[in-house]
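J.: Spelled out from the first residue to the last, the chains are:
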Amino acid sequence: EAGVAQSPRYKIIEKRQSVAFWCNPISGHATLYWYQQILGQGPKLLIQFQNNGVVDDSQLPKDRFSAERLKGVDSTLKIQPAKLEDSAVYLCASSFSGSTQYFGPGTRLTVL
Amino acid sequence: DAKTTQPPSMDCAEGRAANLPCNHSTISGNEYVYWYRQIHSQGPQYIIHGLKNNETNEMASLIITEDRKSSTLILPHATLRDTAVYYCIGPMEYGNKLVFGAGTILRVKS
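First to last, the protein sequences are chains C and L. Quick note on this note's numbering: the first sequence kicks off at 1 and runs consecutively. Quick note on this note's numbering: the second sequence kicks off at 1 and runs consecutively.
I should point out that these hints are in silico values taken from the structure, not numbers from a laboratory. Certain hints may be false.
Keeping only pairs whose Cα atoms sit at most 35 Å apart, straight-line, the calculated DSBU-like set for lysine-lysine is [said to hold, decoys possible]:
| hint | chain 1 | residue 1 | chain 2 | residue 2 |
| --- | --- | --- | --- | --- |
| 1 | L | K69 | L | K52 |
| 2 | C | K15 | L | K97 |
| 3 | C | K44 | L | K52 |
| 4 | C | K62 | C | K11 |
| 5 | L | K52 | C | K78 |
| 6 | C | K15 | C | K78 |
| 7 | L | K97 | C | K78 |
| 8 | L | K97 | C | K71 |
| 9 | L | K3 | L | K69 |
| 10 | L | K109 | L | K97 |
| 11 | C | K83 | C | K15 |
| 12 | L | K3 | C | K11 |
| 13 | C | K11 | L | K109 |
| 14 | L | K109 | C | K44 |
| 15 | C | K44 | L | K97 |
| 16 | L | K97 | C | K62 |
| 17 | C | K44 | L | K3 |
| 18 | L | K69 | C | K44 |
| 19 | C | K44 | C | K71 |
| 20 | C | K83 | L | K97 |
| 21 | C | K15 | C | K44 |
| 22 | C | K83 | C | K44 |
| 23 | C | K62 | L | K3 |
| 24 | L | K97 | C | K11 |
| 25 | L | K3 | C | K83 |
Using the sequences provided together with the hints, build the complete structure.
T.: Printed below as a string of structure tokens:
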């Protein structure tokens, strides 16, 4: 069974630029999560989707971050404009029944 | 904020059992305890979860105290590849959200 796929694996941008990350969850998993992991910390949930609807986006900085899952499968997370403090690893996870989550390898973002 | 307490780091000799403790005193009767680990430069990996009975799978064993306020993850024969940050999570937030703390850095040494 294929795992959660993410791309790109690495991205370097300058502050005030925009960036987008892509996630393809495990087939059949209805729930999709985006996490932000700053160096030395545990992952922090940004947004949770159930199919193509948002369940929780309370921790998403909505002035600059946006996410969508239009067809209930793939998802994109966008940052516009990026700030230095957005440098982090962005992790995507999916689950079948909302319990055990399976994570992708993450995208490491560096904002200069 | 995370509702678990774990030691920041532990060392273990290769081939020996690694016992990682976790306190989750606020957990209620129907809430599971989950364990994940994160090897350097990878995403977190699910290890095991439990409710009240001890659990075992191909990766590890989970021992939960009778009052459910603490648990211990046991890697029976640690290898160098088990060096990682281990996260204990419990209870899950409403909507099955995982709230990660800082975890325990386990260093397995030869």
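J.: If a hint holds in the structure, say so; if it does not, say that too.
T.: Here is what the structure says about each hint:
1. The hinted pair formed by L:K69 and L:K52 meets the criterion: a straight-line CA distance of about 10 Å does not exceed 35 Å.
2. A C-alpha spacing of about 30 Å is found between C:K15 and L:K97, which places the hinted pair at or below 35 Å, so the restraint holds.
3. For the hint linking C:K44 to L:K52, the alpha-carbon distance of about 27 Å falls within 35 Å, and the restraint holds.
4. In summary, the hint linking C:K62 to C:K11 is supported, as the alpha carbons are separated by about 21 Å, within the 35 Å threshold.
5. For the hint pairing L:K52 with C:K78, the CA-to-CA distance comes to about 41 Å; that exceeds 35 Å, so the pair is violated.
6. Between C:K15 and C:K78, the direct Cα distance comes to roughly 14 Å. Compliance with the 35 Å bound is thereby established for this hinted pair.
7. About 21 Å separates the Cα atoms of L:K97 and C:K78, which keeps this hinted pair within 35 Å; it holds.
8. For the suggested pair L:K97 and C:K71, the alpha carbons sit about 22 Å apart, so the restraint of at most 35 Å is met.
9. At most 35 Å may separate the alpha-carbon atoms for a hinted pair to count; L:K3 and L:K69 meet this at roughly 11 Å.
10. Taken as a hint, the L:K109 and L:K97 pair is honoured in the structure, with Cα atoms around 34 Å apart against an allowance of 35 Å.
11. With a CA separation close to 5 Å, the supplied pair C:K83 and C:K15 stays within the 35 Å bound.
12. As the CA atoms of L:K3 and C:K11 are separated by approximately 33 Å, the hinted pair is consistent with the 35 Å bound.
13. At most 35 Å may separate the alpha-carbon atoms for a hinted pair to count; C:K11 and L:K109 meet this at roughly 33 Å.
14. A hinted pair counts as satisfied when its Cα atoms are at most 35 Å apart, and L:K109 with C:K44 qualifies at roughly 30 Å.
15. The straight-line distance between the Cα atoms of C:K44 and L:K97 is roughly 10 Å, inside the 35 Å bound, and the hint therefore holds.
16. Distance hint between L:K97 and C:K62 is fulfilled; the C-alpha atoms sit about 19 Å from each other, no more than 35 Å.
17. Restraint check for C:K44 and L:K3: the C-alpha separation of about 14 Å stays at or below 35 Å, so the hint holds.
18. For the hint pairing L:K69 with C:K44, the CA-to-CA distance comes to about 24 Å; that is within 35 Å, so the pair holds.
19. Annotation: proposed proximity of C:K44 to C:K71 holds, straight-line Cα distance about 25 Å (limit 35 Å).
20. The hinted pair formed by C:K83 and L:K97 meets the criterion: a straight-line CA distance of about 26 Å does not exceed 35 Å.
21. With a CA separation close to 22 Å, the supplied pair C:K15 and C:K44 stays within the 35 Å bound.
22. Simply put, C:K83 and C:K44 have alpha-carbon atoms about 18 Å apart, close enough for the 35 Å limit, and the pair holds.
23. Between C:K62 and L:K3 the alpha-carbon distance is near 26 Å, which keeps this suggested pair within the 35 Å criterion.
24. The hinted pair formed by L:K97 and C:K11 meets the criterion: a straight-line CA distance of about 27 Å does not exceed 35 Å.
25. At most 35 Å may separate the alpha-carbon atoms for a hinted pair to count; L:K3 and C:K83 meet this at roughly 30 Å.
When held up to the earlier numbered hints, the structure conflicts with hint 5 and nothing else.
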